[in-house]
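Number of protein chains: 2
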Amino acid sequence: MNRQTGAVLVLSGPSGAGKSSLINKVIDDIGECYFSISTTTRPMRAGEVEGVHYHFVTKEEFQKDIDNDNFLEYALVHGNYYGTSLKPVKDALAEGKLVLFDIDVQGNTAVNNRLGEITTSVFITTPTLSELKNRLYKRSTDSDEVIENRIKMAKREIQRISEYDFLIVNDDLDEAAQTLRLIAQAARLKVSNDIINDFVHKWEDIES
Amino acid sequence: MNRQTGAVLVLSGPSGAGKSSLINKVIDDIGECYFSISTTTRPMRAGEVEGVHYHFVTKEEFQKDIDNDNFLEYALVHGNYYGTSLKPVKDALAEGKLVLFDIDVQGNTAVNNRLGEITTSVFITTPTLSELKNRLYKRSTDSDEVIENRIKMAKREIQRISEYDFLIVNDDLDEAAQTLRLIAQAARLKVSNDIINDFVHKWEDIES
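Chains A and B supply the protein sequences, listed in that same order. In case it helps, numbering that gives the first Met the number 0 puts the first sequence at residues 0 to 207. In case it helps, numbering that gives the first Met the number 0 puts the second sequence at residues 0 to 207.
Certain hints may be false.
Repeated chains share a single entry, so a pair holds when one copy, or any two copies, can fit it.
Said to hold, decoys possible - Taking lysine-lysine and the PhoX-like style, the derived pairs with C-alpha atoms no more than 20 angstroms apart in a straight line are:
| # | residue 1 | residue 2 |
| --- | --- | --- |
| 1 | Lys63 | Lys24 |
| 2 | Lys132 | Lys24 |
| 3 | Lys201 | Lys151 |
| 4 | Lys201 | Lys154 |
| 5 | Lys154 | Lys132 |
| 6 | Lys63 | Lys86 |
| 7 | Lys24 | Lys151 |
| 8 | Lys63 | Lys151 |
These aren't lab readings, by the way, just hints derived from the structure by calculation. Small disclaimer: the values here were computed from a predicted structure and weren't measured.
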């Protein structure tokens with residue numbers, strides 16, 4: 000019964016906090032995962048690949064998925080829609096996988112509302128705002144306006160860290176990765192109420 | 000900031016599920032701990048030691064501690080009082096220790112009400128009721144009446160597993176210990192809202 004069942008790990012935090020680098024460092028050590036790919040209406044950036052970084056769709060296509068209740072969660076950020084399709088998540092959970100989400104604070108709330116009992120959430124941030132600014136300007140993939148928007152959003156999101164199960168301050172990448180690895184391994188052990196009810200139901204009946 | 004801060008690990012489950020054996024197997028691997036010793040008015044059993052298994056007190060002494068609001072939680076079980084004194088828990092948390100509680104479902108509720116943000120809870124049980132009965136009768140430290148009471152309580156408590164963060168089915172002791180070790184290590188990473196607020200407050204101010 001201590002078998003692996005599907006569970007969810009939400010990773011949030013400012014763009015520039017190093018979420019992707021962290022995930023890449025731990026992904027091979029945490030067993031079978033499904034990395035949820037968000038759908039977005041924002042334009043593709045240089046170097047981005049459809050189906051890898053995002054599913055890129057038009058506003059009309061996105062609106063149709065909203066109308067058909069196909070999203071686990073969606074939000075409007077900086078004038079663009081971002082959302083998570085429900086079906087691939089359900090399929091991955093049914094296969095016993097750990098579903099990873101890289102989503103914002105609103106997304107975390109939505110995932111917890113739907114899948115709270117099997118969800119572990121982690122907020123990842125830089126040690127300071129200055130450090131975040133440094134990293135965002137250094138990587139120079141975004142315009143100054145986009146960077147300023149990211150910083151404003153970071154200042155808002157950081158106020159809501161207490162909504163998360165864990166906080167990782169990404170100061171030392173190896174140390175932060177070790178922490179995330181441990182959290183992800185524990186996250187896998189969460190079981191749904193369906194499985195618990197099934198266990199409880201059988202517990203009294205089975206004669207060993 | 001990924002420093003060790005005080006956190007809480009609640010372990011519940013039927014008497015006979017092997018909590019003590021499990022704790023003994025993992026205690027050396029999970030860093031600085033404080034094992035909360037309950038206070039009880041029940042008579043000492045053969046082999047029990049004051050201050051190790053319980054603090055044994057009279058009903059009058061227990062009532063005085065209730066009146067002085069000295070308990071984190073307390074409950075009346077099988078006609079005897081059991082409670083957890085608040086002060087040593089607070090002291091251990093201030094020293095950054097992981098505080099371990101071996102308490103019942105009511106106790107878990109009480110601890111979560113007071114210390115929920117830094118609490119991880121685990122329910123430990125046998126694979127089946129029959130197996131629990133076998134273990135209780137085999138260890139023969141209790142009278143048949145006490146065993147019947149334990150079994151009744153187990154049947155009630157098992158209905159409330161979904162109130163716990165994790166379920167460990169203690170079928171294979173080594174496997175269960177490995178699971179508990181992982182959960183305990185992750186449990187340590189929880190931080191209080193005070194620490195988060197302090198971090199958030201400094202995050203914007205510190206110029207690196």
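Here is what the structure says about each hint:
1. Lys63 with Lys24: neither (36 angstroms within a copy, 55 angstroms between copies)
2. Lys132 with Lys24: Answer is neither: 23 angstroms inside a copy and 46 angstroms across each miss the 20 angstroms cutoff.
3. Lys201 with Lys151: between (52 angstroms within a copy, 16 angstroms between copies)
4. Lys201 with Lys154: between (49 angstroms within a copy, 12 angstroms between copies)
5. Lys154 with Lys132: within (11 angstroms within a copy, 56 angstroms between copies)
6. Lys63 with Lys86: within (15 angstroms within a copy, 58 angstroms between copies)
7. Lys24 with Lys151: neither (28 angstroms within a copy, 48 angstroms between copies)
8. Lys63 with Lys151: neither (30 angstroms within a copy, 54 angstroms between copies)
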